[in-house]
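Read top to bottom, the protein sequences are chains B and U. For reference, each letter of the first sequence is one residue, going 1 to 448 in my numbering. For reference, each letter of the second sequence is one residue, going 449 to 609 in my numbering.
Derived from the structure by calculation, the hints contain no laboratory data. We treat Cβ as the ideally placed atom computed from N, Cα and C, and that holds for glycine. Treat the hints with caution; some may be incorrect.
[To be verified] Per the computed footprint, the stretches of chain B lying under chain U, defined by three or more beta-carbons under 8 Å from a beta-carbon of chain U, are:
(1) 122–131
(2) 134–146
(3) 167–173
(4) 238–249
(5) 351–361
(6) 403–413
[Stated by the list, open to error] Computed footprint of chain B on chain U; a stretch qualifies when at least three of its residues, placed anywhere within it, have a C-beta under 8 Å from a C-beta of chain B:
(7) 454–463
(8) 531–544
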Amino acid sequence: MINRTSYLTRSFDVPEGYLLAAYERSGGYRSAQRALGMPREIIVDQVKKAHLRGRGGAGFDCGVKWSFMPKDDARPHYLVVNADEGEPGTFKDRAIMEKNPHAVIEGALIAAHAMGAHTVYIYVRDELHMAKARLEAAIAEARALGYVGERPFGRPWAIQVFVHSGAGAYICGEETALLNSLEGRRGEPRLKPPFPAQCGAFGDPTTVNNLETIAIIPTVIELGGDAFSRLSALHDFNDGGVRLFGVSGHVQRPGLYECAVGLTLRELIYDLGGGVLGDRKLLAVIPGGSSCPVLRADEMVHVLGDPRFAPYDGKSVLDLPLGVDTLRTIGGMLGTCCAIVLSDAADPVLALATLMHFYRHESCGQCTPCREGCGWIERILDKLVAGRASMEELDRLTEIASDITGNTICAFGDGAAQPVLSFVRKFRREFEDYVLTGGRSQTRTLVA
Amino acid sequence: MEFALSAELERELDAIIARYPNRMAACIPALHLCQRANGDWVSPAVVDYVAKRLDLPAAHVEGLVTFYSLFNQERPGEHQVWVCRTLSCALRGADTLLAHCEKKLGVKVGGTTGDRRVTLRTAECLASCGTAPMIQVDQEYHENLTIAELDRILDRLLYED
Ligand SMILES: Cc1cc2nc3c(=O)[nH]c(=O)nc-3n(C[C@H](O)[C@H](O)[C@H](O)COP(=O)(O)O)c2cc1C
Ligand code: FES
Numbered sequence: 001m002i003n004r005t006s007y008l009t010r011s012f013d014v015p016e017g018y019l020l021a022a023y024e025r026s027g028g029y030r031s032a033q034r035a036l037g038m039p040r041e042i043i044v045d046q047v048k049k050a051h052l053r054g055r056g057g058a059g060f061d062c063g064v065k066w067s068f069m070p071k072d073d074a075r076p077h078y079l080v081v082n083a084d085e086g087e088p089g090t091f092k093d094r095a096i097m098e099k100n101p102h103a104v105i106e107g108a109l110i111a112a113h114a115m116g117a118h119t120v121y122i123y124v125r126d127e128l129h130m131a132k133a134r135l136e137a138a139i140a141e142a143r144a145l146g147y148v149g150e151r152p153f154g155r156p157w158a159i160q161v162f163v164h165s166g167a168g169a170y171i172c173g174e175e176t177a178l179l180n181s182l183e184g185r186r187g188e189p190r191l192k193p194p195f196p197a198q199c200g201a202f203g204d205p206t207t208v209n210n211l212e213t214i215a216i217i218p219t220v221i222e223l224g225g226d227a228f229s230r231l232s233a234l235h236d237f238n239d240g241g242v243r244l245f246g247v248s249g250h251v252q253r254p255g256l257y258e259c260a261v262g263l264t265l266r267e268l269i270y271d272l273g274g275g276v277l278g279d280r281k282l283l284a285v286i287p288g289g290s291s292c293p294v295l296r297a298d299e300m301v302h303v304l305g306d307p308r309f310a311p312y313d314g315k316s317v318l319d320l321p322l323g324v325d326t327l328r329t330i331g332g333m334l335g336t337c338c339a340i341v342l343s344d345a346a347d348p349v350l351a352l353a354t355l356m357h358f359y360r361h362e363s364c365g366q367c368t369p370c371r372e373g374c375g376w377i378e379r380i381l382d383k384l385v386a387g388r389a390s391m392e393e394l395d396r397l398t399e400i401a402s403d404i405t406g407n408t409i410c411a412f413g414d415g416a417a418q419p420v421l422s423f424v425r426k427f428r429r430e431f432e433d434y435v436l437t438g439g440r441s442q443t444r445t446l447v448a
Numbered sequence: 449m450e451f452a453l454s455a456e457l458e459r460e461l462d463a464i465i466a467r468y469p470n471r472m473a474a475c476i477p478a479l480h481l482c483q484r485a486n487g488d489w490v491s492p493a494v495v496d497y498v499a500k501r502l503d504l505p506a507a508h509v510e511g512l513v514t515f516y517s518l519f520n521q522e523r524p525g526e527h528q529v530w531v532c533r534t535l536s537c538a539l540r541g542a543d544t545l546l547a548h549c550e551k552k553l554g555v556k557v558g559g560t561t562g563d564r565r566v567t568l569r570t571a572e573c574l575a576s577c578g579t580a581p582m583i584q585v586d587q588e589y590h591e592n593l594t595i596a597e598l599d600r601i602l603d604r605l606l607y608e609d
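Here chain B stands alone, though its shape is the one from the complex (with noise of 0.2 Å):
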């Protein structure tokens, strides 16, 4: 069954629904203003019962990464919000920018409060031109009321919201790539630890958070934590509450749908997607931005041991619900939940040599495994795809990939490793076609 909800996207088609008036007409600040009234802890702690999962990829829990912050130490605090949206297949923070900016403020400032900073910056990648104004209305607004400033609802802790914008590099995404750029430095990833809460922005106390994630701040406070979680069907997970799922590629209706967590990806493909396009068969999805491992269309789901999973067993992993964990016991990753869809008219084999591509121009370069790895596997797969690739060299494709993982300063390596070793294992028979034939059989393109 599916549960749509409109907590995030109510205004999303209301007329200028992303100005405050209209914000403010369906309860908007309301949570704010209680919420900085609360004690830090009271808000920490209904994070925690919300069990609220990052919207950036991890999927790590929120209110237990905001109660990693230090409560008496006297340097600065800072909440940075990450939308630098650059992991392929996802479109949900620039939607929220774009239409539902207040949301963002408004979490903000709880977080901020929560967490005892005075200062947030919001990193936009520098593309999403029209998400920035936005932002940057959205906040004169605000100041205007005095909602941000010296005295947020009267009240004597002062919090500054600002936009930063990022200049072209995927990798400012991961978390101390972004705390580099934001310093003015080269967004390469920095060694952990120390952690953000310990020593992040300008050295001191920072949590990194997805926009996603503080734009649904204002909807936990307004609920409560635990019925925000309870709304989840995986609230049994420690998975709650709603989130913005993306579907893109080969489906009818492309497009973001609010639904509370749990939704399959049959329903998101077939009811909210409208089917897969021209009316093909479904080959494969990408269940949450490329960096995730692709999923058949025909994988089981096989997990013993855990009695939560018998319902699924034996079923498709098309039945399975979409959460954190869901997909990581099967071997998977949610990601950031913006399915990418590819029917049997795409060709494998391009789709992982595009996605790539991507990888090789994305690296950093401070890592060598990372560096040099992607450039290899690029290489390969340029070969293979001219139909001039040998069996071995499909071979190094698996054994390159697999000593990037895990050897490098961040997820970046790991991210680019899993496509690799998810499509050449799970469509063995269509790379080994190109060494063979050149791939006469294979559709050859990647447009239904």
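Based on the hints, put chain U with the ligands in the right spot on chain B.
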């Protein structure tokens, strides 16, 4: 060639610097501001200007300009066209859009038309996958693009003003 900002942009830059606990953090915003004021590229004079204004070594500023892909080290055409080539757009026909741009503009990716009106580039996923295929023209997105619409856009860039 010397580079300087207008008095108004100088004030804007001061306001930007004030947002951060140190001057280095203003470096990327400062480069954006100056690039725009300089016909969309970061010339050596811009690097020197930003370095001096923010009290940073020129090598630091140079390091940012080479790291971030949206700082142009050469003057681009009057308009810049980016065709998103990443998977969601590729599944919706990005290749055809790109080929059409190359043919109509008479340049390859990275090239600028002879009259310097348009520079053609490819982009990686621009967070518009649900409305693929798409291109960015200067600061504007054009989504759910058909060849006919692309044609009209390119015509405007090439022949209007
Ligand atoms: C290569 C790479 C790129 C990333 N890009 C983004 C991004 O564009 N936006 C984002 O929110 N998180 C991105 N992340 C995840 C962040 O590092 C971080 O986990 C996230 O912003 C935390 O927010 P959350 O806990 O609210 O999800 C990226 C991670 C990696 C390794
Ligand atoms: S793939 Fe083109 S916008 Fe995402």
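So, going through the hints one by one against the coordinates:
no.: 1; hint: 122–131; result: holds (count 6)
no.: 2; hint: 134–146; result: violated (count 0)
no.: 3; hint: 167–173; result: holds (count 4)
no.: 4; hint: 238–249; result: holds (count 4)
no.: 5; hint: 351–361; result: holds (count 6)
no.: 6; hint: 403–413; result: violated (count 0)
no.: 7; hint: 454–463; result: violated (count 0)
no.: 8; hint: 531–544; result: holds (count 10)
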